[in-house]
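Student: One letter stands for each residue in the lines below.
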Amino acid sequence: MNTIEVKDINKSYEKGKVTALKNVSFNVGKGELFGLIGPDGAGKTTIFRLLTTLLIPDSGEAKVLGYDIVKDYKQIRNLVGYMPGKFSLYADLTIEENLNFFATLFGTTIEENYHLIKDIYEQIAPFKKRRAGKLSGGMKQKLALCCALIHKPEVLFLDEPTTGIDPVSRVELWDMLQKLKTEGITILASTPYMDEAVRCDRVALIQEGEILNIDTPDNITGQFNKKLYAIKAGNMYALLKALKQYPETDNSYAFGEYAHVIVNGDVENLKSFLEKQGISGIEVRNTLPTIEDTFIAESYKP
Amino acid sequence: MIKHKIYKQFTAFIRKEFYHVFRDRKTLLIMFVLPVVQILLFGFALTNEVKNARLLIVNPTENAVSGQIISKIKASKYFTVTNVAHNTTDMESYFKSGNIQCALIFPSGFNTTSLKNNTIQIITDGTDPNFSKTVTNYLNAIIGEYLQERSMLQQVPLQINSEVRMLYNPEMNGSMVFIPGVIALIMMIVCCTLTAVAIVREKEFGSMEVLLVSPLKPILVLVAKALPYLVLSIINLIVILLMSRFALGVPIRGSLLLLFAESILFIITCLAFGLVISNSTNSQSAAMLISMMGMLLPTLLFTGFLFPLENMPIGFQWFANIVPARWYFLIVNDVMIKGLSFSGVWKETLVLIGMSVTLLSISMLKFKTRLQ
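Which chain is which? The protein sequence lines are A and B, in order. Mapping to our numbering: the first sequence position 167 is 167, numbers consecutive. Mapping to our numbering: the second sequence position 362 is 362, numbers consecutive.
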């Protein structure tokens, strides 16, 4: 049995005017770290709210730990941990008070499950008398994670746990999730950052309420069957404009300090085209596709 | 075991709620400073009693009678005699400059023995009709009193005297009128507004999402939210009663226990109203606005402590009946000032119970266990 089963879920808001999810289906196995990857507004938060029984789907069904999200919502609420995208702890309570409150709320104590949160909590423990509202973004997320974990949930729902925090804390947070996996906790996490997808066992790429692809990060990038070039030039803006004009360009976009290009035919032809356009300092190299490249390729409709 | 767990959840929740109250300066201010300020304001600053009205006396013919009347007026606390003149030449300019608010004019050749020159004229500034009426009554009363005293000495064979007695408030302490009203007003602000805002705040900050996805029964969230405000309101009530008793000299004639029981009933009505508001809004500012417009304003206007209900159009009088504070105001007035027992207020009590039950049922029915 899968820990999370989602089948043909449709969800719309404002009496059907805004479609949030279209025929979404996916399964998450026990102990899996599953990532929902997609830009803002893709429908990630709606999936979380459905699975945490906060919303009811228009059609389709979903089960968490074998319980139906509509009928058995009470059971689900006892067994899962949920960390919403927005910081939702009490800003006027200290770290310690927040944690204590949520532990008691779930009928447990900090001591009972301390081993689960130990690694995370030790980092914020020096500030435990500080009010949550005065913490940095990274510390807030760590505290929120502690609060979601304190009752040893069987499934952990993390809605954009790394949004708004610094790169170092992001890496740390994913390290922690990897560790939690070893405790047998199933984790569903979402992120708008494509580079975090590789930290998941499997990911679902989602855009505009539709799932584009579900697979392991390696397989997803493996499915990228076109040659990808990274190009750099003195004037990036002129380069991107010229790439769009080149007739054999399949797709091109800025990617960090490079432009990524999928091009038909010989890349040397492109190079000479660019030189003719007066672009100097051109540097072309082969590059391996990332999840982001796949995502762009999947969502790109010429 | 399970019971024990629920109890622990509940107390943790209530402790958290008290943290919120005591760490938020604004809540504390509304909770404890506002009542004190209101009592002091209504008690000492805002009063419709007339004291020290500035009076001009025009007395062309000085004699024993006018002298006695003038000294009687001077002795009363209602008037300050600013000028005594022999003619009325400057009177109008005094009125215009605001030097005087009223004038008492003896006719020239004033005496009480002839029928010709015995009319005293009273002139007041009519821009404030209430003030004018009060001043006129006071002056008439002083003159009447003087005449009565005199006629008693002279043994006039037949005369009708009226003896006035103001029941329950013989010294005309204005505080007695508004204290019940202010209590109702403060309870409304503290219970209704603060409870509504406290719950909506959880929605606005997103913590309601986390609370819902927890084993805690949603109804317990409501109860745990409301309970601290019930306790704080009772403390507030004690403060108000102590202040009105010892600072303003308003007596508590009826049973203190009954007064408290009725107050708790009213607090529950307000809490229930706050819960209904919190269920139907998602932002603190909306909750604030609704409770202000929906409760505070009607409480001020339709309880009868600022404006007499009897003078209002019939539609407003009907509307006043659905304002809970109106019934509580009657109860406090009856129990505290008049000293009635439960048999005197059972009807009002029944109305409040009915309102509480209705509002509580609405809030329970409307409470959402989900986000939509």
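FYI, nobody ran anything at the bench for these hints, they're computed from the structure. Certain hints may be false.
What the hints assert, rightly or not - Taking lysine to aspartate or glutamate and the DMTMM-like style, the derived pairs with C-alpha atoms no more than 20 Å apart in a straight line are:
| id | chain 1 | residue 1 | chain 2 | residue 2 |
| --- | --- | --- | --- | --- |
| 1 | B | K8 | A | E96 |
| 2 | B | K74 | B | E145 |
| 3 | B | K5 | A | E111 |
| 4 | B | K217 | A | E5 |
| 5 | B | K368 | A | E275 |
| 6 | B | K217 | A | D68 |
| 7 | A | K129 | B | D24 |
| 8 | A | K71 | A | D58 |
| 9 | A | K63 | A | E5 |
| 10 | A | K129 | B | E17 |
| 11 | A | K227 | A | D201 |
| 12 | A | K140 | B | E145 |
| 13 | B | K368 | A | E248 |
| 14 | B | K8 | A | D68 |
| 15 | B | K26 | A | D92 |
| 16 | A | K7 | A | D58 |
| 17 | B | K8 | A | E97 |
Here the structure is a predicted model, which means the values were calculated and not measured.
Student: Hint by hint, note whether the structure agrees.
Tutor: Results of checking the hints against the structure:
1. B:K8 - A:E96: holds (17 Å)
2. B:K74 - B:E145: holds (14 Å)
3. B:K5 - A:E111: holds (16 Å)
4. B:K217 - A:E5: Distance ~26 Å between K217 of chain B and E5 of chain A Cα, so the pair is violated.
5. B:K368 - A:E275: Violated - the C-alpha atoms of E275 of chain A and K368 of chain B are around 64 Å apart, more than 20 Å.
6. B:K217 - A:D68: holds (19 Å)
7. A:K129 - B:D24: holds (17 Å)
8. A:K71 - A:D58: holds (14 Å)
9. A:K63 - A:E5: holds (5 Å)
10. A:K129 - B:E17: Distance of about 18 Å is within 20 Å: holds.
11. A:K227 - A:D201: Cα-Cα ~26 Å, so violated.
12. A:K140 - B:E145: violated (78 Å)
13. B:K368 - A:E248: Violated. K368 of chain B to E248 of chain A sits at ~56 Å, over the 20 Å cutoff.
14. B:K8 - A:D68: violated (29 Å)
15. B:K26 - A:D92: Holds, at roughly 13 Å.
16. A:K7 - A:D58: Holds. K7 of chain A to D58 of chain A sits at ~12 Å (cutoff 20 Å).
17. B:K8 - A:E97: holds (15 Å)
In summary, the numbered hints that this structure violates are 4, 5, 11, 12, 13, 14.
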